[in-house]
Every structure is written in C-alpha cells, then in structure tokens.
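Engineer: Chains as they are written, first to last, in my numbering: chain V, 1 to 290; chain C, 1001 to 1242.
Among the hints, erroneous ones may be present.
Claimed, not checked - No more than 27 Å apart at the CA atoms, straight line, and that leaves these computed lysine-lysine pairs for DSS-like:
id	chain 1	residue 1	chain 2	residue 2
1	V	65	C	1240
2	C	1072	V	55
3	V	15	C	1240
4	V	65	C	1239
5	V	65	C	1072
6	C	1010	C	1072
Claimed, not checked - Okay, the calculated bits of chain C under chain V, using three or more residues with CB under 8 Å as the criterion:
id	segment
7	1002-1012
8	1067-1078
The set of hints was computed from the structure by calculation and includes no laboratory data.
In this text, all values refer to a predicted model and were calculated from it rather than measured experimentally.
All C-beta atoms, glycine included, are put in the ideal place defined by N, C-alpha and C.
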Amino acid sequence: MDNILEIDLLRKEYKNFTLNDVSFQLPYGYIMGLIGPNGAGKTTIIKLIMNLIRKNDGSIRVFGKDNLEDEIDVKSRIGFVYDTPPFYEHLTLAQNKSIVSQFYREWDEELFKNYTNDFELDLRSKFKILSRGMKMKFQLAMALSHNADLIILDEPTSGLDPVFRRELLNIFSGLMQNEKKSILFSTHITSDLERIADFVTFIKNGEVVFSDEKDSILESWGVIKGGNELLEEDHGRLFRGIRKHEYGFEALTSDAREVARRFKSNVTIEKPTLEDIMFFMTSNNGGSDV
Amino acid sequence: MFRLSLKDIKINKIAFLINLAFWTILGPAWLSLNTDLYLMLPVFFGLFVVMIPMSTELRDDIDILYNSLPIKKRTIIISRYISSLVMIILIYAWIILIGFLMDKYLTLIQIGLAEKISAGTILLIILPVVLIVSIYIPIVLRFGFTVFITSGVIIFMGVFSGFIAGISYMISASSPVTGYEGPGGLAGIIGMIKNNDLIHYLGKAIEAYGTWVPVIIILFAIVLIVFVSINISISIYRKKEL
Chain V
1 MDNILEIDLL RKEYKNFTLN DVSFQLPYGY IMGLIGPNGA GKTTIIKLIM
51 NLIRKNDGSI RVFGKDNLED EIDVKSRIGF VYDTPPFYEH LTLAQNKSIV
101 SQFYREWDEE LFKNYTNDFE LDLRSKFKIL SRGMKMKFQL AMALSHNADL
151 IILDEPTSGL DPVFRRELLN IFSGLMQNEK KSILFSTHIT SDLERIADFV
201 TFIKNGEVVF SDEKDSILES WGVIKGGNEL LEEDHGRLFR GIRKHEYGFE
251 ALTSDAREVA RRFKSNVTIE KPTLEDIMFF MTSNNGGSDV
Chain C
1001 MFRLSLKDIK INKIAFLINL AFWTILGPAW LSLNTDLYLM LPVFFGLFVV
1051 MIPMSTELRD DIDILYNSLP IKKRTIIISR YISSLVMIIL IYAWIILIGF
1101 LMDKYLTLIQ IGLAEKISAG TILLIILPVV LIVSIYIPIV LRFGFTVFIT
1151 SGVIIFMGVF SGFIAGISYM ISASSPVTGY EGPGGLAGII GMIKNNDLIH
1201 YLGKAIEAYG TWVPVIIILF AIVLIVFVSI NISISIYRKK EL
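Assemble the whole structure, with the sequences as input and the hints as a guide.
Structural biologist: Put into structure tokens, the structure is as follows:
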C-alpha cells in the first residue's frame, strides 16, 4: 500500500513537553483520525507536517517527498484547515480568497463557487462578522478548492453544532470518492471519527499509543467488566485504565479474544467506542500494565 | 514575491491613502513652517505604513496562513521589505510632487523646493527610511507583538525627539569641522538640510571624484543595510515557531 504521509521517529522538544519518536503512515485514499487528550501532541504533529514549527529529529514524507526539501510542491498539494481560521479579519471573504488563490496553480474558481454556495457563504461579508462555524466553512472551502490530494484538519469540528459537523463529515466522505485523496483529521470528538475514519492514531503524552485500522481496533479491543477478585491474579497486564468500584472493576483490553478465552463467563466484554478507548487510556494508569 | 508585496499594498491601501490625504490636505500648513521639516516628517508617518500591516498580521495569525501556502519563508520576508519600502517611498514621492506643485501654483507659500532637492538629498532621505524599516522588521519578527508595540513607541519617540532636536538645532548650529554656520542637527544628519556637514563632505567628494561616487556610496550603504537586515529577518523567521 502506497503511503501519502509517512512520519518516522519524529521528535520535537519543548520545555515542558516532548513529542517523542512519533511514527505512523497514512495510505493513499484513506481517512486517518488523530486522537488524544488535550496537550497530547496532535497539533504539534500537524504543525510539524506544515513546517510551522521546527522538528528536532525524524522525517516527514508527504507524497513520497521530504516536507522541507520539497516544501513548495508538498504544500501546493495540501489543503490545510487550522483550528483557528487564520484570515484577515477586516477583509471580505472575496478579498481573502483572492489573496490566497493566486498562490495555487490548481485553484478551481468554479469549485470554490460551488462550495461557497453549498455552505451559504456571502463573499461580500467581512471575515470578522462570521460565526465560528461559518469561518470554518470558509476555511474549508479554501482548502478544498485547489484540488489538494491531502487534506489536513486540526480540530475542525470543535465548537461546531452537530448539524454542521454531520455536513462536514458528509463532505469528507464525498471527497473520498477520489481514491487518490486522503485526510488527516485531528480531533477529540471521537464520534466523528467513528463515522468516517479508516485509520486511527492515538497520541498520549507525546507518544503514539497505537496507530491501526479503526475496524481492527474496535474488533480487537474491548471494555471488560468483572469482579475485583480477578485483579488480584496475574492478569493485570491484559487490562488498561482499570477503574475499581465496590462491586467490581471496569477496564480496557487490547486483546478481547484472550480475555474471553481466559475468563470465560466471569467477565462481560463489550465492544468499545473510540471514546471508551480514549477515556480508559487517559485514566491515571491507562496505557500501562497493571 | 511581487504578488505578496502587491497584496500588502492592496491590503493597506486605506492606511496608505490616509497618509497621502494627510499630506495633500495639511501640506501647506507644514510648508509654511519649514521645507526641511516638511520633508522629514514622512519618516515619522512612514513608520505607520510598516506598523499597521504588521500589527494586523500579528493580530490575525496571518503567519500561519502564509506558512501553510506554497510560499518560501524567504519570499514572505523579502516581500515584506519590498512592500514597506515601496509604500514609504511612494509617500515621499507624493510629498515632493505636492511641494513642487505648490511652488508652481501657490503664490503665498514659496519654498523653492527645486533648489533644495537633488539626487543626493533624495537618496539621503531614503537612507533613514531604509534604516527604520531594516531595524523594525527584525525586531517585530524576533520579539512579537508586545515588544513590537514597545519598540514601535521607542522608534516613534526616537524619531519624534530627533525631530524636535532638529528644530531647536536648526535655529542655530555651527560646525567646527567645516566652519559651517547655520542649520544642522539630526535633520541635517539625515540629509534634509542641504548645508550640513554630511552634505559638505559629499560636496567635496563630488568636487574630487564627480557626482557618481557619493551616490554610489549611499546606494551601496542602502543595499548593504537592506541585505543584512533581510538576512537577519530570514534567519529569525526560519526559527520562528508559529
């Protein structure tokens, strides 16, 4: 499988935070969700891909090219949607568009008009008077109108109403009709990813906890519920993010089959949601063996 | 690069037009004071032309926008210099044009601008503008918004103080070096006054080597200042974390 994005041993050091040897790949034609709690390093990874910050080590290859050596070529094929839409507040949407569009050889004015019509954007409006949702729609229209092959979105749905979030996800699904396009989508609203993501990469404290196909994750992982006596045996390493209470415990396992084989009817195993996984993994002992 | 520069000028056309309007309307008032002041004040106002776009861009996180576009960081920086210098020089050109028109059509105020302006003095007018832009842009890039405001005020006040000092010094000044008696001070140093020490030296250089030598020296100084400043700015910008 050819990869549109390959990140290898990426490292970025700050005073109080280190993105530590992050590696993952996104194949052509798929959507990857980048999940993790606030401050996990999702935005740092995206900023490193876009060369908004400088890496300490590691490599980032986009379309098979180094993101720094072939920066212009790489960026001309990326549609970028940032958490806080960065446009001139005092200018109209049309003025902002004309500033940005001239830098893309592949800019498609017809496509842009279609998106602005679909999103009900008035190009005569000043950017500063738009709501967050409308600003995000405008940014999205800009990112999608130059036939980008890779769309990178940093928390695009946070702060948006459910109706528009659903609309946005439909747009992403529509884009994926083209097998050459891919989307990297950072969010902490995991329900969005369950609808559209093919791959999920979970980041915690600057490290990749897992990066795999979503269906495979949801199939192999499970939420375990059982009596506290089970924890006393040496089965702890199967459980992550254990939550004890008076009548038993709840935990996450990355190997639901093995748990079912060992504990048979002594435990109940439920299929997890991505939110369950994120919740248990970010608990105090989440991700570590017990 | 030129598209980016043109973009800067377009975006800041209102600030630019306000500057032009200011000089068109208030020109006669300044002219009635002194020609030299009239030519010096654009340094003061030209600073706004650099400050306004940079403050807007800092406020709106525009660096993130440009750095996500297929543009090199070097191009972003060079275009900033080009647009700032072009705007300030255009304002100067406008002021000189207004001055000439007033000399020609107004009888009440006659400043004799044609006698006071030469290729050398125009270059000496450009020199402090280049200096201001070249100092200011790296400071803003390196230290961000807070220092940007503070340094803006300091540079602003520095120019203003120089301007006041220039006025008082122009009343009476003398040079033990050249034996010159008359106007001098900061206004003289930056080339607004034709009879200061620097102009004397330039005059002697012109006599000795011809007009082109001092002109080339000033041009070289301008290019060198801009070149050094651009490279410092690019180096700062490449390390900048957005």
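Engineer: Work down the list of hints and note, for each, if the structure agrees.
Structural biologist: Cross-check of the supplied hints:
no. : hint            : verdict
1   : 65/V / 1240/C   : 23 Å, holds
2   : 1072/C / 55/V   : 17 Å, holds
3   : 15/V / 1240/C   : 16 Å, holds
4   : 65/V / 1239/C   : 22 Å, holds
5   : 65/V / 1072/C   : 16 Å, holds
6   : 1010/C / 1072/C : 21 Å, holds
7   : 1002-1012       : holds (count 3)
8   : 1067-1078       : holds (count 6)
The structure meets every hint from the earlier list without exception.
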